[in-house]
Amino acid sequence: MDKKHTVGLSSTEIAGLWATYINDSLSICLSKHFLQQSNNEDVKPIIKLTLEISQKHIEEIKNIFKKENFPIPKGFSDEDIDLSAPPLFFDLFPVSYAYGMSRMGMLTYSMLLSNVAREDIRSFFSKCLTSTLDLYNASVNLMLSKGIYDRPTMIPYPDKVEFVKKKEIFLSKWFEKKRPLNVLELAEIFFNIERNYFALVLLTGFIQVVKDEQIKKFLTKGKDLAQKQIRFLNHTLIKEDLLGTIMINSEVSTSTVSPFSEKLIMNLVTILNTQGITYIGHALATSARIDLANEYSKLIPEILQYGKEGNDILIERGWMEEPPHAPDRKELAEN
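In terms of the numbering used here, the sequence shown opens at residue 1 and continues consecutively.
Hints are computed from structural coordinates only; laboratory data are not their basis.
Just so it is clear, the structure is predicted and the values come from calculations on it, not from any experiment.
For each residue, glycine too, the CB sits at the ideal point set by N, CA and C.
Among the clues, some could well be false.
What the hints assert, rightly or not - Straight line, CA to CA, 27 Å or less: simulated DSS-like cross-link-like pairs of lysine-lysine: (1) Lys298 <-> Lys216; (2) Lys67 <-> Lys56; (3) Lys298 <-> Lys223; (4) Lys263 <-> Lys228; (5) Lys48 <-> Lys32; (6) Lys178 <-> Lys239; (7) Lys178 <-> Lys32; (8) Lys298 <-> Lys178; (9) Lys223 <-> Lys239; (10) Lys298 <-> Lys221; (11) Lys178 <-> Lys228.
Claimed, not checked - FRET-style restraints, in silico, Cβ to Cβ: (12) Leu184 <-> Thr130: 23 to 31 Å; (13) Gly318 <-> Pro180: 49 to 57 Å; (14) Lys146 <-> Asp120: 36 to 44 Å; (15) Glu331 <-> Glu59: 32 to 40 Å; (16) Asp159 <-> Ile315: 56 to 64 Å; (17) Glu162 <-> Lys330: 52 to 60 Å; (18) Asp78 <-> Ala15: 25 to 33 Å; (19) Pro301 <-> Glu59: 34 to 42 Å; (20) Glu331 <-> Gly8: 16 to 24 Å; (21) Lys211 <-> Ile315: 14 to 22 Å; (22) Leu184 <-> Glu334: 46 to 54 Å; (23) Pro86 <-> Lys298: 38 to 46 Å; (24) Ile300 <-> Pro180: 37 to 45 Å.
Throw the hints in and build the complete structure from the sequences for me.
Next comes the structure, spelled out in structure tokens:
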């Protein structure tokens, strides 16, 4: 008789499940606010789908952890939202939110799926990837129908296949004529502009409603950093005689009442900042032009420093839930 060999969760499996639980519990709070305030019958199904996906993930992770006798993370709850608060963003923004978060989710889940081995965990992250892809497709279709999808740069089709003949021209060294941007570099520029516009909208709304001056100062610094990246990337396009990118759907209401706790806001901004490092790092790895690579390299330390400042605030306020960690063997030996 075949006997299944069941092993415990590995550190990478715990990491993926734990981070997914934290992120989805946060996403549930935002979705509940959007759903409470939305009057748009076209937008509501997207918000409901976002909410249902996150709730399903939470329940499945709880079941896995309970079977393993593993403590359930605290994450975020109804304590972190005020459903009586007025809308903070205009009615179409939840679609942009679903689009932006699903893009990040697909990247995250594909990485997590490649890092786990246990069959049930692979199955879970496979379903996460599929459901997130469904959300992405639904949000893009609605954005296209509403005319709020930000179109990437268009270029004429080439009339022939070409191969690089001179590495000096392809790499565009200093003091040499720079070659035109290729489609790989253009794609990275566009999506990093779009990502920063998304952050800009969130930060503008959060700055408007937070009362704590330290947090407001931190969020304002994040807004300045996002604007700096947008300026650099758009300036790069304009220098190439290409049109810059402007986010179409970027409306923030005039409300000064926060729908979210400061703990939730700080954690969300820190999570998005971490994703920013991933995207800028990918752009750096993809870009062969030295001027681009140099500018991306300058941005990474600034983003890292901003993330550290956010983590410092979270730790000082007791708002950072600590990930599961290995035992301190030296401390155990001393005791």
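Is Lys67 within 27 Å of Lys56, Cα to Cα? At roughly 17 Å apart (the allowed maximum being 27 Å), Lys56 and Lys67 satisfy the hint.
Go ahead and decide if the range 46 to 54 Å is satisfied by the Cβ distance of Leu184 to Glu334. Taking Cβ atoms as reference, Leu184 and Glu334 lie about 53 Å apart, which means the hint holds.
Does Lys32 sit within 27 Å of Lys48, going by the straight-line distance between their CA atoms? Status holds; Cα separation ~9 Å.
Taking the beta carbons of Ile300 and Pro180, is their distance inside 37 to 45 Å? Once the Cβ atoms are compared, 25 Å apart, the range 37 to 45 Å for Pro180 and Ile300 is violated.
Starting from the hint 49 to 57 Å, judge whether the C-beta atoms of Gly318 and Pro180 obey it. holds (51 Å)
Need the status of pair Lys178, Lys228: alpha-carbon distance at most 27 Å? Roughly 23 Å between the alpha carbons, so the hint for Lys178 and Lys228 holds.
Quick check on a hinted range of 56 to 64 Å for Asp159 and Ile315, using CB atoms only. With a Cβ separation near 57 Å, Asp159 and Ile315 satisfy 56 to 64 Å, so the hint holds.
Taken at face value, is the distance from the CA of Lys239 to the CA of Lys178 at most 27 Å? Given that 27 Å is the threshold and the Cα spacing comes to 11 Å, the pair holds.
Holds or violated: are the alpha carbons of Lys263 and Lys228 at most 27 Å from each other? Distance of about 26 Å is within 27 Å: holds.
Whether the CB-CB distance between Glu162 and Lys330 falls inside 52 to 60 Å: holds (59 Å)
If you draw a straight line from the CA of Lys223 to the CA of Lys239, is it 27 Å or shorter? holds (24 Å)
So the hint says 34 to 42 Å: do the beta-carbon atoms of Pro301 and Glu59 match that? holds (40 Å)
Checked against the numbered hints given earlier, the structure breaks hints 7 and 24 and satisfies all the rest.
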